[in-house]
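Novice: The lines below spell out each chain.
Number of protein chains: 4
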Amino acid sequence: MVEQHGPNGSEDPLVIAGHKLSSRLIMGTGGSGNLSVLERALAASGTELTTVAMRRADAEGGSGVLDLLRRMDIELLPNTAGCRSAAEAVLTARLAREALGTSWVKLEVHADDRTLLPDPHETLDAAEQLVGDGFTVFAYTNDDPVLALRLEEAGCAAVMPLGSPIGTGLGIRNPHNIELIVARAQVPIILDAGIGTASDAALAMELGCDAVLLSSAVTRAQDPERMAAAMRSAVHAGRLASHAGRIPQRFWAEASSPPR
Amino acid sequence: MVEQHGPNGSEDPLVIAGHKLSSRLIMGTGGSGNLSVLERALAASGTELTTVAMRRADAEGGSGVLDLLRRMDIELLPNTAGCRSAAEAVLTARLAREALGTSWVKLEVHADDRTLLPDPHETLDAAEQLVGDGFTVFAYTNDDPVLALRLEEAGCAAVMPLGSPIGTGLGIRNPHNIELIVARAQVPIILDAGIGTASDAALAMELGCDAVLLSSAVTRAQDPERMAAAMRSAVHAGRLASHAGRIPQRFWAEASSPPR
Amino acid sequence: MVEQHGPNGSEDPLVIAGHKLSSRLIMGTGGSGNLSVLERALAASGTELTTVAMRRADAEGGSGVLDLLRRMDIELLPNTAGCRSAAEAVLTARLAREALGTSWVKLEVHADDRTLLPDPHETLDAAEQLVGDGFTVFAYTNDDPVLALRLEEAGCAAVMPLGSPIGTGLGIRNPHNIELIVARAQVPIILDAGIGTASDAALAMELGCDAVLLSSAVTRAQDPERMAAAMRSAVHAGRLASHAGRIPQRFWAEASSPPR
Amino acid sequence: MVEQHGPNGSEDPLVIAGHKLSSRLIMGTGGSGNLSVLERALAASGTELTTVAMRRADAEGGSGVLDLLRRMDIELLPNTAGCRSAAEAVLTARLAREALGTSWVKLEVHADDRTLLPDPHETLDAAEQLVGDGFTVFAYTNDDPVLALRLEEAGCAAVMPLGSPIGTGLGIRNPHNIELIVARAQVPIILDAGIGTASDAALAMELGCDAVLLSSAVTRAQDPERMAAAMRSAVHAGRLASHAGRIPQRFWAEASSPPR
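Line order of the protein sequences matches chains A, B, C and D. Using the UniProt record's numbering, the first residue of the first sequence is number 1, and each one after it goes up by one. Using the UniProt record's numbering, the first residue of the second sequence is number 1, and each one after it goes up by one. Using the UniProt record's numbering, the first residue of the third sequence is number 1, and each one after it goes up by one. Using the UniProt record's numbering, the first residue of the fourth sequence is number 1, and each one after it goes up by one.
Looking at chain A on its own, in the form it has when it is part of the complex (with noise of 0.2 Å):
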């Protein structure tokens, strides 16, 4: 696959599982209602990897996203969206592999409609299943540590805590939660669920993840194609940042200059 991320002169590759992507915002295609608007959205978004819901494929647009995507050159990653339980997430994880010829999954197995939180425990289990049977699992998660650190011990290529809830655009209620979990990790960690504006996809990357994956903030805003740019340099603004090392935060001022 890394022949299709361009050179491998990037200097800052994002790597999963072996695979190098220049790319760190991972779009989802979830809420977009009309193939050109998200082709334009997912061209400015420079994104190389995106996720479409298995399960959802035929309201998403069915088989037009997907050659929407062997066209523009953006890989697939497959998702379970939809699952209620380890079993239905790992069939639909099969059924996947087998009709579009990649491992790779994103695994979401959601405990209600409400909330579309995941389930700790179908999750879990379904990723040891997942990594058993030989797939490369993106993990989508809550923003719990422990479970975080249970997901890479079972073997998942990413993990994937949420910001807050799929779709409230709340961004990322618990800054200090994410960084709990970076500061563990030996996977990559890519802030999943919750963003709902720039900044929030800066912060994201900030705190130390490694990629961000975001839907419905690009698909749902007035002007999606404006807002994918917008993610773009945001996550390469908080990628930047995070590396720069940045100023303390003190209690009183401190002059830019010297007095004289």
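Take these hints with a grain of salt, some might be off.
Residues on chain A that point at chain D, a partial pick, calculated with CB under 8 Å [what the hints assert, rightly or not]:
| no. | residue |
| --- | --- |
| 1 | L35 |
| 2 | P120 |
| 3 | L124 |
| 4 | V146 |
| 5 | S164 |
Across the chosen pairs, the derived CB separations fall in these ranges [what the hints assert, rightly or not]:
| no. | chain 1 | residue 1 | chain 2 | residue 2 | range |
| --- | --- | --- | --- | --- | --- |
| 6 | B | A99 | C | Q249 | 43 to 53 Å |
| 7 | A | Q222 | C | G18 | 52 to 62 Å |
| 8 | A | L35 | B | Q222 | 36 to 46 Å |
| 9 | B | L95 | D | R114 | 53 to 63 Å |
| 10 | B | H243 | D | W252 | 55 to 65 Å |
| 11 | C | W252 | B | G18 | 47 to 57 Å |
| 12 | B | F251 | A | L35 | 45 to 55 Å |
| 13 | B | R94 | C | E98 | 48 to 58 Å |
With the C-beta cut set under 10 Å, the calculated list includes, among others, these residues of chain C facing chain D [unchecked claim]:
| no. | residue |
| --- | --- |
| 14 | E75 |
| 15 | S164 |
| 16 | F251 |
Derived by calculation from the structure, the hints in this document are not laboratory data. Backbone N, C-alpha and C fix where the C-beta goes; we use that ideal spot for every residue, glycine too.
Given the coordinates of chain A, work out where chains B, C and D should sit on it, guided by the hints.
Specialist: Using the frame of chain A, we list chains B, C and D on its own:
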């Protein structure tokens, strides 16, 4: 001056007192210990307008900084940092105009050294005098929506509320005040002071500010060049996001795709 | 006046201009539609000092409110709410002094009706005049640490920064500013305006304020009496906590008992 | 046990598993170095229910603490802090039941020593076993709304989400999660862990929690007795406020009295 800013075809210029700038990031030079580091940071920031403290010009590298800006074709915005009264600030502005041939001035009247907060009365007094004397005044102020309006009424070309005290890196402590200021302003609002990292700058723009001014967040970062690039992207991201119609915040989740 | 406040044995009195109050909750009467509801709320609040708008006294129940406070043995703090200039405020204060026989006044000069924020220049001007005229001035101000200090220097007996604009219920938008004000004050600091619920009042005290003033948070609550009791307990709680030496904030956990 | 709680006429009792408590503040004894200091703090807190770590009982003063609680007529809630697996927790609970004659247990299964966060899987497993074995289970959990619901479905008598990790004093890092938990709960929700100061406790109650449990915020404060009194008032304040119908939050100001 317009000609200096390159192609006027820039799609979303910042217009202050009839002049167009394509970059919405204004840099300060304070806090930089080294001219070559400063040069790389300024280049990475993409700034077209840079402020220099007149009373501290020697400490900041003296004519070296002015030469550098001239060489880089960056416009100069002299500031009155370090002044403690309207009289001092007016005098400093006049000396700057004579010496540098620009009637643009960033007005700063600091009340004391511990907070470096603006003195509201001296600031307004000086603004009135300077406007009357033909200056194009950029007024540094606290985040008081009333004082911001008074400064605009006094004829300031731009009003520059702080996010938090100079050099604290505390970001935007009171987004509500910035929103109140923006909601009633007819002149450009430039977030000045307090920025610590990229997400702060993006947030400033999302709140509706027209530009961001910062110094030590870049000059005192461990890697000023990288942080300058981060800020450039963050300002761009925030500007785009502020015009892209973000999704509303919700209490309950909303699936990005409708269930089948 | 001291005698009115009951036993001087109160352990932690608020002292303003030499007068002792055992309650640190000051109530406003505005927003109450009904005198008997107001009476129960005042009783539940435990307040010993209550502010009444002179220019709105009729709208607030007129002499009914004044009679009620007299009957309940609650001291009266006339305020100048609704005044738009120093001249108006000074005139209103003088009329209040003549009519009510008190030289205490809460100075409010509102810049406009949409924000009801204080006008910094008119407020300071009026404060200077009123102090010179022998008034004991409680100055309502924004949360600007510089203006707070100027009002103290002008001779105000207490400085009353807002948490957020009047009636917004947004709580304390900028705790850092309140801490900066408290850190340098020599007179009592009373958090005034913006309180929405009990935790806001407790936080004000924890930040170091000497008292809290609120009106609509109680008078416009669905159950004013219950909310008044809540505020009384919250102010008490915050005062105790501010003197109890709270634990520091830590990034990692710390077991409450050492492991065996 | 009811009889121990004094007059059942208390107006707003907390009812857990059919037992009434008039205090909504539950104390832990951990972190107290001195039995007489602890005694004064417990008295000042007004608590009627106190938790003691079974595995650390010696370190905490051993039988001294148990004697103290008996003497003060405070009910004992043994906890399993320090346990790392369901098996350990179940064993510890059984030993506590035999030794102390109570079937109430606060279930804690810590995943590791750095975060002291609950292990979600071991916690749920232990809860199911203990409920099946006739225990009245108070389940300490992270703030995950899904796990909270699972613990309730497993038969727990009360669910105890954390505000932030034990001993951090970071307060309630994610109020949205607490609101989501409260919105769907049928059993009492007790905010457990993370409280640092009084306003945190008030906020917990305002978010809809039924009670607050804390230890080191009191036992490790510089003045435990005073902080205990602060917490008592704060919990009371927050409870009242949560039922008083607070005013809504507004963007623009609203005068407390209508202008004449």
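Novice: Indicate, hint by hint, whether the structure satisfies it.
Specialist: Hint check:
no. : hint                          : result
1   : L35                           : violated, 34 Å
2   : P120                          : holds, 5 Å
3   : L124                          : holds, 7 Å
4   : V146                          : holds, 4 Å
5   : S164                          : holds, 7 Å
6   : A99(B) x Q249(C): 43 to 53 Å  : holds, 49 Å
7   : Q222(A) x G18(C): 52 to 62 Å  : holds, 60 Å
8   : L35(A) x Q222(B): 36 to 46 Å  : holds, 45 Å
9   : L95(B) x R114(D): 53 to 63 Å  : holds, 58 Å
10  : H243(B) x W252(D): 55 to 65 Å : violated, 24 Å
11  : W252(C) x G18(B): 47 to 57 Å  : holds, 55 Å
12  : F251(B) x L35(A): 45 to 55 Å  : violated, 31 Å
13  : R94(B) x E98(C): 48 to 58 Å   : holds, 49 Å
14  : E75                           : violated, 19 Å
15  : S164                          : holds, 9 Å
16  : F251                          : holds, 7 Å
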